[in-house]
Every structure is written in structure tokens, then in C-alpha cells.
Amino acid sequence: MEAQFLIAGFGGQGVLLIGQLLAKAAMHDGMNVSWMPSYGPEMRGGEANCAVVISDEPIGSPLVTEPPIAVIMNKPSMLKFAPTMEQGGLMLYNSSLIDIEPDRKDITAVAIDCNGIAEKLGNARTANMVMLGAIIQRTGVISIDSAMEALKATFGPKKEHLLPINRAAMEAGAEAAK
Amino acid sequence: MGQKMLMKGNEAIAEAAIQAGCRFFFGYPITPQNQIPEYMSKRMPKVEGGCFLQAESEVAAINMVYGAAGAGARVMTSSSSPGISLKQEGISYIVGAELPCVIVNMVRGGPGLGSIQPAQSDYYQSTRGGGHGDYRMLVLAPSSVQEAVELTQQAFDLADKYRNPVLVMGDGLIGQMMEPVEMPEYVKPELPEKTWAATGWKPGCGRERAVINSLYIDPSVLEQHNRKLFAKYAVMEREECRWQEEMTDDADFVIVAYGTTARIARSAMRKLRDKGIKAGLIRPITLWPFPNAPIQKAAEHAKAFLTVEMSMGQMVDDVRLAVNGKKPVEFYGRTGGIVPTVREIVEQIENMAKEAK
Chain Y
1 MEAQFLIAGF
11 GGQGVLLIGQ
21 LLAKAAMHDG
31 MNVSWMPSYG
41 PEMRGGEANC
51 AVVISDEPIG
61 SPLVTEPPIA
71 VIMNKPSMLK
81 FAPTMEQGGL
91 MLYNSSLIDI
101 EPDRKDITAV
111 AIDCNGIAEK
121 LGNARTANMV
131 MLGAIIQRTG
141 VISIDSAMEA
151 LKATFGPKKE
161 HLLPINRAAM
171 EAGAEAAK
Chain F
179 MGQKMLMKGN
189 EAIAEAAIQA
199 GCRFFFGYPI
209 TPQNQIPEYM
219 SKRMPKVEGG
229 CFLQAESEVA
239 AINMVYGAAG
249 AGARVMTSSS
259 SPGISLKQEG
269 ISYIVGAELP
279 CVIVNMVRGG
289 PGLGSIQPAQ
299 SDYYQSTRGG
309 GHGDYRMLVL
319 APSSVQEAVE
329 LTQQAFDLAD
339 KYRNPVLVMG
349 DGLIGQMMEP
359 VEMPEYVKPE
369 LPEKTWAATG
379 WKPGCGRERA
389 VINSLYIDPS
399 VLEQHNRKLF
409 AKYAVMEREE
419 CRWQEEMTDD
429 ADFVIVAYGT
439 TARIARSAMR
449 KLRDKGIKAG
459 LIRPITLWPF
469 PNAPIQKAAE
479 HAKAFLTVEM
489 SMGQMVDDVR
499 LAVNGKKPVE
509 FYGRTGGIVP
519 TVREIVEQIE
529 NMAKEAK
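Line by line, the protein sequences give chains Y and F.
Under this note's numbering, the very last position in the first sequence is 178; numbers go up by exactly one each time.
Under this note's numbering, the very last position in the second sequence is 535; numbers go up by exactly one each time.
Chain F with its partners taken away, still in its complex shape (with noise of 0.2 Å):
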């Protein structure tokens, strides 16, 4: 770890990425994820091997992305929401022919042009594949810059590891906001040599020519090919699942919520803990694969739970698949860019309580 230092979520993302070893970045401006690219432009071209390219569009930036990642490299793009939905035909591409990169969303409010102030409603989106076609991203949320640094170096290693793209999906609060941030020494752990990687191929070179592709004409290949697709899929649920629980054991009311809203959530279960009510809280950080373990073992003794979002109620649904019927799973929601506040959060935790005496 090195000095403490006062960050911008955004910078400090850019930052984590260059030592993560990312020395491609494409993407195209939208607020409120512009510090990335400005912060890449400025540092890129003083890296080794470095290259910053401001695309025309953020589908050309995405299929700049493929380019790269096909040739093996390190690459990232970012975005936030509407520019994200631009991109999703490309991320279908680069899924399909199974390459590594990362996508940095900052979600503002949507739908269409919606807002530039924080939102989570791309939860859909991000876990669900997002373009067309069978397919998963892992996706990483932090809920702090210091996190943020941590997640995007392990999106690149996640990445690599999978051949799938990994999305760090933050929003606006974390891209903006400057927090302390400790720059860890990242230390790249022992990955896949890319040996499918078209990195030029010379007659008597001595490999195959590396294809990069996903277009399987025959359905029949195209089934194995999905099917290889989920049986890595199955692997990241098994070992990629990541939360955080805090004072579950004995809560009555289990508050699930990711990102900024469970920055909030935590001081509100604070607050109600020194009310006498028993709050808990599950912190999905991978939002894909869900983390549906803590959930499913606090509906054991849990009277409800309470997801909040910024949003009109996505991840909702995949608490009450966790929870699976056996405790009433109640939602509060934010959205159109306002974050909810510690106030709100008490107040419906309190109902909760009236409701279950």
C-alpha cells in the first residue's frame, strides 16, 4: 500500500487500471464518468506502450475494445448508461468471441437521456447480459473509491481468467466523489497464457492462426459454443460470489443494497440498531452471480427484509428468488438521480417493525 490520497472515484479508477497493467483505452464522453477519459488522456501517453483514443462514437470505442482484447492486451472502456446501451451490441461480439476487457458504467438516470445524478437502474441490464444473445457478465459494484480501485484491478484478472468482459458498475456519487484512497501494489496473479491471441501470424510461425469470431453458422456448433459459455458461467457462480454481511446473525430486518444506497443503508441500520430494532445488512458486490447464500441463510431467522435501490425496484427480484418465498421481501426505492437518505430507510424499517408486532 502506498500514501493515503485524496481521489476522485473516477480518477482513482483510471489510476488502479494503468498499474492494473491497462494500457488501451477507448471510449467517448458522457457525464458523469468523464473523468476517466480525461484522466486517461493526460496519463496514457507517459505509460509505456500507453494508447488513449477518444472514438467518434461509443460503438466505434466498444468495437476498438474487441480489437484490442483480440490481440491480447489490456484494455478498458467507460461510459454511463445511455452510452453503455450504445455499446451493447459490441459486448455481444466480444462475449461471443470470448475475450477479456473491462467496462467501467457510472449509471445516471434513465430511461433514454433521463439524468446526470446517480441512479442503479442498469441492474437489469448489467446482469442480464445486457445485449443479445445467451450470455453473463460478471459485474463488480462498489460501494467506495477505495473499493473501486480494488474491483477494477480485479475486473482485469476476473477478465483474463473467464475470456468474458467484467463490468464495474458504479454511479454518479462514486465516479464524483474524492474519498482516501490507498493505491495497492498490484501484483498479477498466474492467469492463462492468451495463446488464442492474433498477434500476427507468419507462415512456420509454428501455431495455428488465432481466429477471432462469433459466428457459428451451424446450430449445432453454435449449441456447444453456448454450452462452453455456461459451463464457465456455472464456474464464476461457484467461485466468483463476493458480499458483505454486517450484524445479520441476530436482525430481525435484513436491509440488500449495493453501491452508494448501501453506504446509506449501513448508517441507517446503525441508526436503527440504536433504536432497540435489530437491522442487518447484505451487500451484494457482485451483482452477478448473485449472492444468494447470505440471503438464503438469513430468511432462516430474519422477519423481512427490505431491499433499497435507486431505481424502481431490479435487484428486488433477484432477493426474492434468494429468499424464495419463505419471508416477506419489501422494496424502497429512489430514483430519476435523487439518492435516498438514512431518514427514509429508518422510517420504512420502522413500519416494517409496527407491521411484523
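For reference, chain Y alone in the conformation it holds in the complex (with noise of 0.2 Å):
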């Protein structure tokens, strides 16, 4: 078994946190992972992506050039990335902020509300929670409460009382990919 991710979006939007999250939760569970963000001369605001890749083998490389999976949070990245991804590959994309569908017909593209959902429940910042519980709806490679035990590992005490927020947030985003 092996799941590579390519998540993208603009820094800020918390792609680089479902990654970790992602790998965290899979190592926990005993699988052989690794992240790799882009790096470069950034900028706050600009582009920001991580490839993330789970696997019960040894990871050969852990760069994502032909995505499987894509996880696109906004819309210069749906631009960039959907004309790489891997035929019949699954494209979960945030409908918040893209207002176009992706240029291809032969991968399977799921939209979901991330900011909208997220502003429902009462915390704009848990869009990337939304769009990761839709991850795990999508793709079953963790399970939701594997990524809140890597989530309150990442949080640590102080920031303890956002963990159920943050639970609602992935719980919805899962139901909104069903």
C-alpha cells in the first residue's frame, strides 16, 4: 500500500498542517512516511505546498511530481497542479475559493465548502481541518481519531480547548465528502 499527497494552497491556509497531520497520524499507526514542503523564496501569501507520502515500504522518494491525489486549497494552485496529476487520480479541491472546476476529465474532482463549512461552525481557521476530515472520508489511510491524537500532540496544552472545535471541523468536512 502506498499514498502519495500533493497539498497545496497559499501560505497561511494551513496546507503544510495537513501534511504533518497526515504523516503523523499514518506513523503512528505504524506506516513508513514522509513530508517534503516546497522551499524556496516565499512569501507571506504566496504559494505554499507539501508532498506527503504513506506507504508500508520503505519510501523511495518522497517528492509527489504526479499526484494520485491532490488537495487544492486555492484557485493559482488548482491552475498549477491539475494538469500534472496522474490519470484517474482523485482531486479533492476547496469550492470556498475556487470558482472553477478542474481542466480534466479524467481524474475524479470533489468540491468541498472548506471556508464555508468552517464559518458555520464558528472558527474560519479550521477550513484545513474541513478539507482534511474529507481527506480521511476520501481516502481512509488514517482514521479521524488518529489525526486528532497527532493534532493534540501538535498542539500541546495551551492550545488544548480548540481540539473538539477542530474534531467538528474534520467530522464535517467528512460528512461534506460522502
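Keep in mind that a hint or two might mislead.
Here are the simulated BS3-like cross-link-like pairs (lysine-lysine), alpha carbons at most 27 Å apart as the crow flies [what the hints assert, rightly or not]:
id: 1; chain 1: F; residue 1: Lys504; chain 2: F; residue 2: Lys532
id: 2; chain 1: F; residue 1: Lys410; chain 2: F; residue 2: Lys475
id: 3; chain 1: Y; residue 1: Lys159; chain 2: F; residue 2: Lys220
id: 4; chain 1: F; residue 1: Lys372; chain 2: Y; residue 2: Lys158
id: 5; chain 1: Y; residue 1: Lys75; chain 2: Y; residue 2: Lys105
id: 6; chain 1: Y; residue 1: Lys158; chain 2: Y; residue 2: Lys120
id: 7; chain 1: F; residue 1: Lys224; chain 2: F; residue 2: Lys182
id: 8; chain 1: F; residue 1: Lys535; chain 2: Y; residue 2: Lys152
id: 9; chain 1: F; residue 1: Lys410; chain 2: F; residue 2: Lys456
id: 10; chain 1: F; residue 1: Lys182; chain 2: Y; residue 2: Lys159
id: 11; chain 1: F; residue 1: Lys481; chain 2: F; residue 2: Lys453
id: 12; chain 1: Y; residue 1: Lys159; chain 2: Y; residue 2: Lys105
id: 13; chain 1: F; residue 1: Lys449; chain 2: F; residue 2: Lys532
id: 14; chain 1: F; residue 1: Lys481; chain 2: F; residue 2: Lys504
id: 15; chain 1: F; residue 1: Lys504; chain 2: Y; residue 2: Lys158
id: 16; chain 1: F; residue 1: Lys481; chain 2: F; residue 2: Lys406
id: 17; chain 1: F; residue 1: Lys532; chain 2: F; residue 2: Lys453
id: 18; chain 1: F; residue 1: Lys504; chain 2: F; residue 2: Lys535
id: 19; chain 1: F; residue 1: Lys505; chain 2: F; residue 2: Lys481
id: 20; chain 1: F; residue 1: Lys224; chain 2: F; residue 2: Lys456
id: 21; chain 1: Y; residue 1: Lys158; chain 2: Y; residue 2: Lys80
id: 22; chain 1: Y; residue 1: Lys158; chain 2: F; residue 2: Lys182
id: 23; chain 1: F; residue 1: Lys380; chain 2: F; residue 2: Lys410
id: 24; chain 1: F; residue 1: Lys481; chain 2: Y; residue 2: Lys159
id: 25; chain 1: F; residue 1: Lys182; chain 2: Y; residue 2: Lys152
id: 26; chain 1: F; residue 1: Lys224; chain 2: Y; residue 2: Lys152
id: 27; chain 1: F; residue 1: Lys475; chain 2: F; residue 2: Lys453
These aren't lab readings, by the way, just hints derived from the structure by calculation.
Hints are included, so try docking the two chains, each in its own frame, into the full complex.
Encoded structure:
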């Protein structure tokens, strides 16, 4: 089993965190994982993306150049990465900020109203966790429980009070992706 | 072994160094190794006797390393290609003065300022000395974050054992990637006492003055010194060669690759085996001393070799020296910060297999 993800958006949307939670949760589930960020002369609000590989074998390349699964949080990322996707791939995209559909007929595209759902729940900043819930629903590589464990470890005791709203966001995202 | 943590290569190296007793870090920022000094700046002040200092330049940083090493401390610096070039003068002095230290190079694309993406184009510089004069450094090339941790800790021991700098050579990908790490419990091996260290001489303190110097005006004395250094290198060549072999026993085509490239070559090897092509992999862990033995052994039965690097072809020279004309040695490389893909390597070997028929 090997799952490769490309997760892209703009800086501040929490795309790197989505990837880290996926990797951490899968690591605790006993899988081999790698997380590789794009790095470069980036700026605040500029593009950000990361590649995550989860496998029961040792991982070769941590780069994902033809993503079988793409998680797209903003429109420039859609334009940039839709053409690179593997045939038959799965794209989850944030329809709150993307007013177009991917220009590919050979992939499955799932629109998730991440920001809309997060705002309804009362915390717009959990839009990335809505998307993580959708990823979990569609791919099953990790569970919401293991994602929550990873988030708890990332947050530490200071932010523990934010865990319930994040769980609600993941569950709402999972529901929206059904 | 402790608990499994998801860590960036750069941060894991920094923590591993501290665990191994590194108490002095001098550096200057450059991508893609910035998380090493960043981590050190946070952690070192909390460690007893720990010192982090951001120098005014790479040249200053390596000379601070020279000083701390001369005083007998466990000391490290890190940089990336252009910064490592700047440190070469200091490294040559440190070798000349026979001081132990650890240098990390997270290689990026060159020449010049090049790019900030991963590369392996500093192989010649790393394995042939780098600075002026006749010298060598042990060069350790990790291909995972876990291995980066282990090799960094060993680097300190090897440096002390041989009184010579040890270079840990990664690349942008090893530095930036996060992987699961188990931080090993560091156990210091038995090492010679640093009786040569300049720790403050006082009249009547019972020992000679320690002199840290790389200047030998008398040619015959310098020649003697160089012979002494090379006697050390001969021991390193005999005792410190490290590599990993996979499926080479029956391999028709042997891929030789190190670091990041070896991971990708390994995936390619598995894919080729699935297709019925007998591929094997030799992964040098020490780039100097270069593991000639497994290559010579494989040259007895393999049809051909393929060296894969993120450069225009540097290690391939060492592979050709080891193979010594017995079998063809092909090369495939990507450069400028581009990482070769599994598909590209598979295609290379498939073409070689066709030609061999």
C-alpha cells in the first residue's frame, strides 16, 4: 500500500499542517511516512505546498511529481497542479475559494466548501481541518481519531481547548465528502 | 531508542549533535540548511555549557570552529554549497592542525549561487579535500533522516578518533524532509584523551604547552607531517568504509547511488525486478573512503553499472576507478536542483538491458 498526496494552497491556509497531521497520524499507525515541503524564496501569502507519502514499504522518493491524490486549497494551485495529476487520480478542492472546475475529465474531482463549512461551525481558521476530514473520508489512509491524536501532540496543552472545534470541522468535512 | 518523532532532517541533525555532546555551534544562514542554526539557537542556550553563535560570515564561523576544536570542545558548523566553499580555507587549516570537528553540507545546485534546490554536485570538493593542500576528510552521506541522525553522532566520534574534520554531506531534500526518527541514546565510545588541546597552560601545570598550528616552515618537517596525515588516511580507508548493498548477488545491472538519489534508485531497482530485469543497488555511505570492494566484487558478474547522481557526473569517476575497465559504467544525472525520477532510472536500465542483448 502506498498513498501519495500533494497538498497545495497559499501560505497561512494550513496546507503544511494538513500534510504533517496526515504523516504523523500514519506514523503512529505504524506506517512509513515522509513529508516534504516546497521550499524556496517564498513570501507571506505566496504559494505553499507539501508532498506526503504513506507506505508500508520503505519510501523511495519523497517527492510527488504526478499526484494520484491532490488536495487543492486555492485557485492558482488548481491551475498549476491539475495538469500534473496522474490519470484516474482524486482531487479534493476548496470550492469556497475556487470558482472553476479542474480542466481534466480523467480524474475524480470532489468540491468541498471548506471555508463555508468552517464559518458555519464558528471558526473560519478550521477550513484546513474540514479538508482533512474530507481527505480521511475519501482515502481512509488514517482515521479521524488518529488525526486528532496527532493534532493534540502538535497543539500541546496551551491549545487543547481548540481540539473540540477541530474535531467538529473534521467530522463536517468527512460528511461533506460522502 | 526513544519514541518515534516526525522530524525535519536539519532539526534532527542538530538535536543528534547536541545529544552527542556538541556544545559549540558557529554558523551563518544559507538555504537549505537554515533549520540547523535555527534549532541550535533555540536549544544550545538551554544546554549546560552550550554556545550558539551566528558569525558575521562563513569564514568567521569556520575559524571559530578552529578555535573551539583547538580547545578540545565538540564543535560543529553547517552550511550549504556556496557557504562551504567559503569555509574551505579554514577546513584546510583545521586538517593541518589535526583538529576534530563536524561540518554539515546540505548541498544545493551550483556553480556560483546556483539554486537552493537539492544537488550532489559538491562530490569532488568533498572527497578530494576541498581546500588547498594534500588532505582528505571522512565524508558521510545519509539517505534518510534516521541515518542522518546516526551518522552525525558517529561523525563526532570519528573526528575525535582521527583528529580530522568529518563532513556530513546531505542535500536540500534530506535537510527539508520530515521523516520518523528514533533518537538513539548516545553512548560515547572509548576515545583517546585530548592531551593536545590548548586548555590554558600555567607554569608548573605538569604538561608541555599545547600548540595549535598548521605552519611548518621546514620542508622536511612538513613532508613528515604530510606522511603522518596520510598514514591516518590509510587507516581510515582500511577501517571506515561503509556501504549498503541490495540484491547485488545475482544482479546483471548494478546501480550505484548515494544519499537522496539512492532512495529513488532503490524504488527503480524494485520496479525493474518486477519487470524481470535483475537490477541491484550499491549505496556508498562513506563517499571518502570510497567503497571499492563491493563494486569490484559486483564487476565480476554484472553486465554493466549505472551511476546516478544529482550532478553532471562526479562519483562516476570513482565507480570507473573501482570497476577498472572490466565492465561498462554508464551515467545518468539531473542537475540544477532537479531530482531524478524512478521512471527515468528504470528507462536507463531498460535501454542498457536492450543493448546488452
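Structure-based check of all given hints:
no., hint, result
1, F/Lys504 to F/Lys532, "19 Å, holds"
2, F/Lys410 to F/Lys475, "26 Å, holds"
3, Y/Lys159 to F/Lys220, "21 Å, holds"
4, F/Lys372 to Y/Lys158, "46 Å, violated"
5, Y/Lys75 to Y/Lys105, "18 Å, holds"
6, Y/Lys158 to Y/Lys120, "25 Å, holds"
7, F/Lys224 to F/Lys182, "23 Å, holds"
8, F/Lys535 to Y/Lys152, "58 Å, violated"
9, F/Lys410 to F/Lys456, "39 Å, violated"
10, F/Lys182 to Y/Lys159, "22 Å, holds"
11, F/Lys481 to F/Lys453, "17 Å, holds"
12, Y/Lys159 to Y/Lys105, "42 Å, violated"
13, F/Lys449 to F/Lys532, "17 Å, holds"
14, F/Lys481 to F/Lys504, "10 Å, holds"
15, F/Lys504 to Y/Lys158, "64 Å, violated"
16, F/Lys481 to F/Lys406, "40 Å, violated"
17, F/Lys532 to F/Lys453, "13 Å, holds"
18, F/Lys504 to F/Lys535, "18 Å, holds"
19, F/Lys505 to F/Lys481, "7 Å, holds"
20, F/Lys224 to F/Lys456, "52 Å, violated"
21, Y/Lys158 to Y/Lys80, "37 Å, violated"
22, Y/Lys158 to F/Lys182, "23 Å, holds"
23, F/Lys380 to F/Lys410, "32 Å, violated"
24, F/Lys481 to Y/Lys159, "60 Å, violated"
25, F/Lys182 to Y/Lys152, "16 Å, holds"
26, F/Lys224 to Y/Lys152, "25 Å, holds"
27, F/Lys475 to F/Lys453, "25 Å, holds"
Of the numbered hints stated above, those contradicted by the structure are hints 4, 8, 9, 12, 15, 16, 20, 21, 23, 24, listed in ascending order.
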